[in-house]
Every structure is written in C-alpha cells, then in structure tokens.
Amino acid sequence: MLEIRNLTVNYGAITALHDVSLRVEAGSIVTLIGGNGAGKTTTLRAISGMVKPKSGQILFEGRDITGVPAHKLVGQGLAHSPEGRMVFANLTVLENLQMGAYLQRDKAVVARELEFVFGTFPRLQERTAQLAGTLSGGEQQMLAIGRALMSRPKCLLLDEPSLGIAPLLVRSIFAQIVELNRARGLTILLVEQNANLALEISRLGYVLETGRVILADDAAKLRADPQVRDAYLGG
Amino acid sequence: MPPRSQLWLLAALALAGVVSAFSGRLDSYVLDVAMGVGINIVLAVSLNLINGFTGQFSLGHAGFMAVGAYTSAMLTTTLGTKLGGSPALLQWVLFPASLLLGGLLAALAGLAVGAPSLRLKGDYLAIVTLGFGEIIKVVLQNVDAVGGARGLIGVPAYTDLFWTFGAAAVTVYAVWGLLNSAYGRGFLAVADDEVAAEAMGLDTTRYKITAFVVGSFFAGVAGGLYAHLKGYLNPGGFDFNKSIEIVVMVILGGMGRHVGVIIAAVLLGVLSETLRSFGDYRMIIYSLLLIVLMLTRPQGLFIWPLWKKKST
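Heads up: the sequence lines are chains A and B, in that order.
The opening residue of the first sequence carries number 1 in my numbering; numbering runs sequentially from there.
The opening residue of the second sequence carries number 236 in my numbering; numbering runs sequentially from there.
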C-alpha cells in the first residue's frame, strides 16, 4: 500500500532523515518508534507532502507521490492526523468533522461517514456544537482521528495519538484504532512515543534513531529484543 | 447562504438610497464625516477578511486603495469630459464602472503581490505588503500623467451617501456570505491551523490568495469612493500611516469579528475627525492605542458572547 525508498529529508543544513526505507502492507498496522528528534514526524510529513524530500521515493498504491502537495493526497485516500492534535479550535466539533470531508461533494456519503465516526467515538456526538478548543485533550484526539476518517482514507497516518492524554483514554483510543483496522481494513502507519502499546497492536515495527532506520522487524520480535526493551520499553 | 441575507442587503441598499435622497438637508460637514465612515467600513471589513478571518497579516491596504483611487479617478476625469452627457448619467453609469475597474485593478495588484508571498507560511506577507504600499506611493509621486507629487486635482464629486453605504453593505454582504458558505469555512480553518487544514485536503495557498484578492478588490473600490469624495488625490495620503489606521480598526474591533470591526470603523472615522486638531500627533495616539489594546484586550474591544464568531 505504502512504500518509502531511500528517503532523505533536510531541514536547511540539518539532515532529519537519512536513507529511510519502509513498507506498509495493505490492511496492516505499522509502527515507527524512536526517541525525540529521531525523524518519526518528519517521515509522516514527507509522506503526506508537507515537507519536500531531498531524495528518495514514496509510493502509494504503486503510484509515485513524492513531492505531491498535501491537499492533493487526501483525495487519493491518504489521510494524516497531525501531531499535537491540531483541531480547528474556533470551529465546532461538527464543523471540524465536516472540514475532514472537505473534498466529498456527496452529502449522503458525508452523513454516513459522520454516523460512522460518531459510532466510533460516541463522545463526539455528545459535543457536536461545542467549540473544539474547549474539548479535553483526549476528546480533541478523538476529534482529530475522526476528522481524518471523514475523508474515507485507505491509509491513515497517525502521529502521536497518546500525546498528553489521560492513560485511561489512551487505552480506549488504541482499542478504537485496532477496531478501525480490523473492521474497516484501514491501513495505519502509527508514530508513537508509547512504544510498548504501539507495538502491541502492530504487525511490523521500525525503530528510528537520528534519522536512520536501525531496526525493522515483526512487532512481537521487537518487543522481545533486549536492545529495544532497554532503550524504548523501559527495561 | 440563506436568501434572508440577500433581503438584508436589499434593505440596506434601499435605506442608503432613501437617506441619500434627503441628504441635502444634512449639514455638509456631517455628511462628509458620514461618507468617510462608510468608506472606513469597506476598508475595515475587507481587511478583516485577510487579517482576521484568514489569519494573514497585510500592511498594505492603503496601497491597494491607492490603485483603485487613481484608476477610477483617471477614468472619470479623462472619459467624463470626452463623453459629455448629463452629470446624473455620468454619476450613475461611468462612476460605478470606474469603481469596479478600480477594484479589479487593485485585485490584480493583490494577485501579483499575494501569489508569490502567500505560498510561504509566516509573516512574509506583512513585509511584502509593507514594501508594496511604499512602492505604489513612490511610483504615483513620480508619474506626471497622474499629477505626480502635486497630486491629481479636479476629480468630480460623485460619491454620495448612497454609494458609500451601498458599497459598505455590499462589502459586508460579500465577506459575510463568503465566510458562511461551506467553502468559506476553509478560511477559518486556515486561520486556526494551517497544517491541519492542509492535512484535510484544503489548498491553503488558494484560500489565502482568494482572501487577499477579494480584500484588495474592496480596498480598490474604497479608494475610488475616496477619490470622488475628496475631489483631490495625493500620493502621500496612501502611505503607511493610512494602512496602519485600517489595521487599528480591525484590531480594535476584534480580528475575525463581524460587528465589532464595523463599530470600530465607525468609531475611528468619527474619532479621527475629533482628533483632527492634534494633526500628526494622531498617529501617536493610534500607536499607543494599539499597544494598550494588545496588552489588555487582544481579542478586541467589542466582544460579548452574543457576537462570538459563529457560523451556522
């Protein structure tokens, strides 16, 4: 579904990603783990066209999407739920979700997706008229994911869904991520600080360190790997 | 957009027409201030689309106003004498056409300035528009065909209450309608979070340019009205201070607020008359006002829950 070949990204003189390659099979959940500044978010941003790579190739469903601007990829079925949630604080919950279906002209489809999102995150339905900026962190994360789902993506890039959220809610959000993958066949590329939880729900995992892939393996094997346990899973 | 908003527009236009018909009884000084207020509303509401609702920062509104002012004044002064015809005909046909052309040229200038600078994220627009405003001023000062530094004289006084408040009503209607459409919610999204808006599939550059071009168009129309109100154009009148004056209206009223900005435009229009005796010290008062406002009430003066920015 998604493949990255030898991707290099620079921010000015600083190399953020160096020769990164990875594959995400259709219908799977793949996790990128790594410390701060390892290049996880940059990888997602490069895929969705928000930063221009210096070299390398990004293929989505066999098509080359390297350097295609972000707003053109949404229509092709690639959605990005950005880090730090980034909901539209001055729009209501409903308006935020409608923005997610921005490219969808068919109102019936939008209504159906809205129902699906409300089914996934019932909390959002209770707060449709509330301004998104006044939601709790967990609710904003649900909204960010829900908003990304509104475009009916085939592949979802999910950046740090657990960031700054109460641990109890993290569990429930992750359960919904698994459910989306299982029931809808949604392909997910997950970036996550909470490596343990992320690897638990993933098929494959990649470990990034200072812009390079240092390990790539089955998620279960990574969880057992002493090096990974030591560095990212808290021993 | 509900048809009700179109009824509001028609009602506002009718009111402007009726009041204008009886304007002969008003004191000419009061009339002059009132028309200045109407032009202020056009300027402030159009800048609010750029600076408030779309979250960009333009410092060159006076420059686009100048483009419109000179375009429409040149058209009425040169064509007016050649065409002849009754003054009423000129005021009702040639004048609106010249306003429109002034607006279009200003919009074109907006596109030329905005297209390269709005592709970038950040405050580049402020710098570029600041430069643009100065360039326009210097160019006008040095082109003899438009009077150069002496200014352009003999512009016919076509502007009346109907045209100023009619234009104000149309501007409010256009900006309000644009923002309350399904398409228009994108402007607010761009202002809220550009990255997230991009991730939703919005062409953020196009939104920013649209807002900028529409805003510039109305600045041009305001310029045309201004030219035919004062009867005399001076490049110095469209300097940086004029742009700041419009920015103050938007900030005072609350960036991204509809009603607050209109109130601020009215208030500053009247205030600048009362402060006229202070001359250039007026700008000091404006600057102080800006600093105090930013420190104490960054959301604008005229906010209460009733007027919270809210789309249907």
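Since the hints were made in silico from the structure, they are not lab data.
Hints are supplied without guarantee of correctness; some may be wrong.
Lysine-lysine pairs mimicking BS3-like chemistry, simulated, CA-CA at most 30 Å apart [unchecked claim]:
hint	chain 1	residue 1	chain 2	residue 2
1	A	Lys72	B	Lys317
2	A	Lys72	A	Lys52
3	B	Lys356	A	Lys54
4	A	Lys107	A	Lys52
5	A	Lys154	A	Lys221
6	B	Lys465	B	Lys477
7	A	Lys107	A	Lys154
8	A	Lys52	B	Lys477
9	B	Lys356	B	Lys465
10	A	Lys72	A	Lys221
11	A	Lys154	B	Lys317
12	A	Lys54	A	Lys72
A short list of chain A residues far from chain B (calculated; beta carbon distances all over 10 Å) [claimed, not checked]:
hint	residue
13	Leu91
14	Gly100
15	Asn181
Cβ-to-Cβ under 7 Å is the rule here; a few derived chain B residues that face chain A [said to hold, decoys possible]:
hint	residue
16	Ala380
17	Gly383
18	Asp428
19	Glu429
20	Leu437
These numbers come from a predicted model, not from an experiment.
Don't be surprised by glycine CBs; every beta carbon is placed ideally from N, CA and C.
### Query
Which of the listed hints are not met by the structure?
As far as the earlier hints go, 1, 4, 8, 9, 10, 11, 13, 14, 16, 17, 19 are violated by this structure, in ascending order.
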